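Please take these sequences and the hints and turn them into a complete structure.
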Amino acid sequence: MVTWLLLSCSAPPAQAIANGATVPDGRYGFAVKLTDYDIPVKGGGTRDSSCSGGLVAPRWVLTAAHCFRDVDGRRVARPVARKTVATVAGSKRTARVIAVRQSGTADVALAKLDVPITDVTPLRLSRDAPQVGTSVRLVGYGLLRAGTTETPDRPRTGVFQVTSVSKLEIGMSGVQPQRTTSPCEHDSGGPYFTVADDGTATVVGVVSHGPDCPHTGADQAGRVDAVAGWVRSVIGKEASPAAKPKPKPKPGARSATPVATPPGPTGIPASWKYVGAGAVTLLIAAGFGRLAASGGGSHRRGGTRRRRR
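Numbering (the working numbering), first residue to last: 265 to 573.
In case anyone wonders, no lab produced these hints; they're calculated from the structure. These numbers come from a predicted model, not from an experiment. A virtual CB, placed ideally from N, CA and C, is assigned to each residue, including glycine. Misleading hints may appear alongside valid ones.
Claimed, not checked - Simulated restraints, written as ranges between beta carbons of each label pair:
#1 Ser430 / Lys356: 37 to 43 Å
#2 Ser430 / Arg409: 27 to 33 Å
#3 Arg342 / Glu502: 27 to 33 Å
See the structure below:
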């Protein structure tokens, strides 16, 4: 969770989901790779990098705020590289990023494309924070292991479980295919999402930071519901209808979220239908490319506790 572009972040890159699975053709077409070419480097010179993201409107990609930073490491509301290209998994087209909007709170940003991507169904925005124990899916274009340098051309995915929820972040730990399934450098901005019975994908978070991959600990994601109002104010009428808020459980009622098994190309393998006892099943799309991480914590940009950029 959009065409994957190499983003112009000063933080190190994050891996494509380590110990994840290759995304089959036709699934999770909203996944995006953002590729940055010729990012200025402090002291002179340039470098290339990339982040992951998810298409939330024909001309807008949801990604991590730390994917767009200047030479001093400050988040900026503009492209930083000479050219940032968005590659959308389910589209035959690519686009260039022409503008950036920062949420100002959570590690969430929006990248505007020069041309609309109309042959892909965008992600919906979550209105609710996922409950601890919920299962979600991640998709990304990051590295396969910390310390490597080449990002994949195809996205990777994995299933994660929500371990904590704070004001602006969600803790996520790998469940399938392995307990060590985790986002890596260049997975930054990749969407964590759930899939309804009708195949509708709803993004609940974006990869932010965590330990070097692979690992069995928790990574942190920027909460989408915390900034959903801001996102809708930016993309306006282009936004897909927001997911309906979940009804409040009746007193004494048991809370359980079944694992969504969507039909068609967005479906989840039957072997991943249930992630474990008591786990709320949200599907997370994990990307091949690592997110570039920068700043405190392990952002998915590369290195211990760096952003997955």
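Task: Index of numbered hints that the structure contradicts, given in increasing order - done: 3
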